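Q: Residue numbers (the working numbering), protein chains in the order written: chain C, 659 to 838; chain F, 9 to 598.
FYI, nobody ran anything at the bench for these hints, they're computed from the structure.
Only a predicted model underlies this, so the values are computations on that prediction, with no experimental measurement involved.
Virtual Cβ for every residue (Gly too), placed ideally from N, Cα, C.
One should not assume that every hint holds.
[To be verified] Derived CB-CB ranges, DEER-like:
id: 1; chain 1: F; residue 1: T118; chain 2: C; residue 2: G835; range: 48 to 54 Å
id: 2; chain 1: C; residue 1: G819; chain 2: F; residue 2: V45; range: 40 to 46 Å
id: 3; chain 1: F; residue 1: S110; chain 2: C; residue 2: A804; range: 19 to 25 Å
id: 4; chain 1: F; residue 1: T116; chain 2: C; residue 2: E733; range: 20 to 26 Å
id: 5; chain 1: C; residue 1: N832; chain 2: F; residue 2: V45; range: 54 to 60 Å
id: 6; chain 1: C; residue 1: S824; chain 2: F; residue 2: T116; range: 33 to 39 Å
id: 7; chain 1: F; residue 1: T116; chain 2: C; residue 2: A804; range: 32 to 38 Å
id: 8; chain 1: C; residue 1: E733; chain 2: F; residue 2: L41; range: 57 to 63 Å
id: 9; chain 1: C; residue 1: N832; chain 2: F; residue 2: T116; range: 25 to 31 Å
[As the list claims (entries may be wrong)] Far from chain F, some chain C residues (derived; all Cβ distances over 10 Å):
id: 10; residue: N738
id: 11; residue: E746
id: 12; residue: D816
id: 13; residue: A828
Here is what each chain is made of, one letter per residue.
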Amino acid sequence: MRRFAALAAAWLALFTGQAGAQPLPDAQEHEVKAAFLYKFPAFVEWPSRPAPEVPFVIAVMGAPQVAETLRGLAEGRRHNGRAIEIREPVDSQGVNGAHMVFVGAAVAARLPGLARALAGAPTLIVSESAGGLDQGSMINFVISDARVRFDVAVDNADARGLRISSRLLAVARNVRGGRP
Amino acid sequence: MRRLPALIGGSVRRKTMGVVLAVAFVTLLVNALVLTVYEVRTYREARLVEARAQAEILGRAAASALAFNDQKEANAALATLKARADVVAAALYGPDGRVFASYAPHGTFTGDVVRASRDIVEGGQRLGSVEVVTRSGLRERILAFAGILVAVMAVALGAALLLSAWLQRVLTQPILDIDAAARSVIERRDYSVRARRTTDDEIGVLADAFNRMLGEVEASHGELRDADRRKDEFLATLAHELRNPLAPVRNALYLMRVAPPDDPSAIAARAMIERQVGQMVRLIDDLIDVSRITTGKLALRRERVEVGAVARSAIEAVEPAMRARQLDFQASLPSMPVYVSADPTRLAQVYLNLLNNTCKFTEPGGRVRFELALEDGMLVGRVRDNGIGVPTQQLAAIFQMFNQADRSLERTAGGLGVGLALARRLVELHGGTIEAHSEGEGRGAEFVVRIPALGAEPGEAAGALPPRRAGNGRRRILLVDDNADYVDSLADVLRADGNEVRVAHDGKSGLDAARSFRPEFAFLDIGMPGMNGFELARRMREEAATREAILVAITGFSQPADRVRGREAGFDRYLIKPVEIEAVKEILGA
Numbered sequence: 659m660r661r662f663a664a665l666a667a668a669w670l671a672l673f674t675g676q677a678g679a680q681p682l683p684d685a686q687e688h689e690v691k692a693a694f695l696y697k698f699p700a701f702v703e704w705p706s707r708p709a710p711e712v713p714f715v716i717a718v719m720g721a722p723q724v725a726e727t728l729r730g731l732a733e734g735r736r737h738n739g740r741a742i743e744i745r746e747p748v749d750s751q752g753v754n755g756a757h758m759v760f761v762g763a764a765v766a767a768r769l770p771g772l773a774r775a776l777a778g779a780p781t782l783i784v785s786e787s788a789g790g791l792d793q794g795s796m797i798n799f800v801i802s803d804a805r806v807r808f809d810v811a812v813d814n815a816d817a818r819g820l821r822i823s824s825r826l827l828a829v830a831r832n833v834r835g836g837r838p
Numbered sequence: 009m010r011r012l013p014a015l016i017g018g019s020v021r022r023k024t025m026g027v028v029l030a031v032a033f034v035t036l037l038v039n040a041l042v043l044t045v046y047e048v049r050t051y052r053e054a055r056l057v058e059a060r061a062q063a064e065i066l067g068r069a070a071a072s073a074l075a076f077n078d079q080k081e082a083n084a085a086l087a088t089l090k091a092r093a094d095v096v097a098a099a100l101y102g103p104d105g106r107v108f109a110s111y112a113p114h115g116t117f118t119g120d121v122v123r124a125s126r127d128i129v130e131g132g133q134r135l136g137s138v139e140v141v142t143r144s145g146l147r148e149r150i151l152a153f154a155g156i157l158v159a160v161m162a163v164a165l166g167a168a169l170l171l172s173a174w175l176q177r178v179l180t181q182p183i184l185d186i187d188a189a190a191r192s193v194i195e196r197r198d199y200s201v202r203a204r205r206t207t208d209d210e211i212g213v214l215a216d217a218f219n220r221m222l223g224e225v226e227a228s229h230g231e232l233r234d235a236d237r238r239k240d241e242f243l244a245t246l247a248h249e250l251r252n253p254l255a256p257v258r259n260a261l262y263l264m265r266v267a268p269p270d271d272p273s274a275i276a277a278r279a280m281i282e283r284q285v286g287q288m289v290r291l292i293d294d295l296i297d298v299s300r301i302t303t304g305k306l307a308l309r310r311e312r313v314e315v316g317a318v319a320r321s322a323i324e325a326v327e328p329a330m331r332a333r334q335l336d337f338q339a340s341l342p343s344m345p346v347y348v349s350a351d352p353t354r355l356a357q358v359y360l361n362l363l364n365n366t367c368k369f370t371e372p373g374g375r376v377r378f379e380l381a382l383e384d385g386m387l388v389g390r391v392r393d394n395g396i397g398v399p400t401q402q403l404a405a406i407f408q409m410f411n412q413a414d415r416s417l418e419r420t421a422g423g424l425g426v427g428l429a430l431a432r433r434l435v436e437l438h439g440g441t442i443e444a445h446s447e448g449e450g451r452g453a454e455f456v457v458r459i460p461a462l463g464a465e466p467g468e469a470a471g472a473l474p475p476r477r478a479g480n481g482r483r484r485i486l487l488v489d490d491n492a493d494y495v496d497s498l499a500d501v502l503r504a505d506g507n508e509v510r511v512a513h514d515g516k517s518g519l520d521a522a523r524s525f526r527p528e529f530a531f532l533d534i535g536m537p538g539m540n541g542f543e544l545a546r547r548m549r550e551e552a553a554t555r556e557a558i559l560v561a562i563t564g565f566s567q568p569a570d571r572v573r574g575r576e577a578g579f580d581r582y583l584i585k586p587v588e589i590e591a592v593k594e595i596l597g598a
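Same shape as in the complex, but just chain C (with noise of 0.2 Å):
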């Protein structure tokens, strides 16, 4: 019954946002943040294609209502024909092989760890944390004018080879680093 609500919560959030641009009362900011984690990787290019039977792996630190939406979002779903994997991994050693890492305000800190662990790596790292960006994650969760709004570090994605859509640019409320 709570899946459910979340669920239902969920594809509500998921077209917020009429003539008054008025998040939903009842759409909780995790259940829109994991609507957007959802999201992202259709926006973002991999360097590489991995074979479809490889799960697309989404690890998430530190939030487990996040976590619990995600799953509950991806359920039965595939990103580009492969089946979408939730992990919450409780160190650093359970992020190698993730394709994205959604780091949670509670665990902020090990953020700019978990980026140097990731030196290189193509993961998608997503934060919602102030300066997220600076201590190395490529997109960062803010709230704006009471809406879920994010930023891009787009020099970030590049050094991990990730690219970024122009479109995702375009809905982001900053853009550090863009490419002309």
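Place chain F on chain C using the hints.
A: Then chain F, alone, in the frame of chain C:
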């Protein structure tokens, strides 16, 4: 299609024009309709494809805005549609179909539109859908199209009208030309007019046929005029020829009134009256014959005749005239009897006619030859003279009614110019031909008459009877005589000899008996009331069943002329009463 509808009935002119216009109109209309339908469909199709493409592009551009609830960005994407003037509305929808952003630069739009919507899918996720509504402009397109088609149709129909006007002229002008020619012929009675042939088609054929017909009319008109002229001349000549003898007759009558009856001059006068009246009678007889011929009332009484007798009667009749003119006249007849189916009087008339002509047209001291011979189953009679002859170009014309070969000649020779025409008609009625030959003026002439001859009776020439029937002495014999006592007793005698004998007591029953009995020998009494022996013999000779019998005449007349008559009637033998039985048996047994 029996009758064209009243719309394009009427004259050929209207028909041709109507047909051309109808065909053009139908073609154009069908063409226009088909093209319009096709155009409408393809246009709509094209507009739809365009709209879909537009939606696709828009969808991709707005995907992220939709994904990340960025309304500002969504509106910005929709705003790019401003560049497309034909886009009247667009909207972005979330996955549940609710509107996320919309675009309607001119408010609501009433008019033909094309809607296209696409789902927005990224990375396998359906993010929502986009709809683009564009002005289809279909109505304007159709109107423009229709306008063009109408203009084209008008121009095409105009051209068709001109074409059909030209065509009908091509068709009807030659017809009207022929009509004009016909009218001119009728009004002016000018038969030398001809229609102009202007085309090589069926109407040209008609013109040719029309001209040929006019040629015929002209020719027959000419012939009629000639015939009319000849008739007028004939009447003039007739009056003259009838008048001629009357003057001397009047003088003679006057003389007879004043002179005593046995005065030589009175006697001479009576003789002259006889001659002249005879001449007039002959003239009028000719006229009657002519009239009978032209009205088709001239009938022949054909019988089986021996030509010698016919020839002799003609020769006898002409001899005085030949002598009077001091002509060397000789005749030669066939040595064996030749039979023809002819009217003896008329046949004699033909020969007499030719002989009289030679008399007229041969100088005194000239020579005339009359020959009759059997050649190839035809009886050929030739009358040759060394007189004034006939110019070659007139050899055919002299047989024409009322034609007198040379006007100057005619004055001296007299006559109405009907003799040869009459002779030809009579010969034709006998199934024969008559020809004239001459090497020219002054070179004499020859007239040849050919008539089909009948097969000769076998053994006739020598008077021999057919060979006795092989086998028994039993003969089929028919006896016809109105003297019952005589003929019955003769029959008994013949039966006693083993013959089969039938007896009849008059001509009619004799003929019936002959038909059914088919006798080998028939002894026929000549002098019977009703059908006499001659008639009976003729009838028997005419019919196939009784033709082959040996006919013997039994009669009391013994003149040679009677024998001739008997021969002519078809008898093989002639017995004089009282008949001796030996004579009969001799005939049977020979």
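Q: Give me the numbers of the hints this structure contradicts, sorted from smallest to largest.
A: 2, 4, 9, 10, 13
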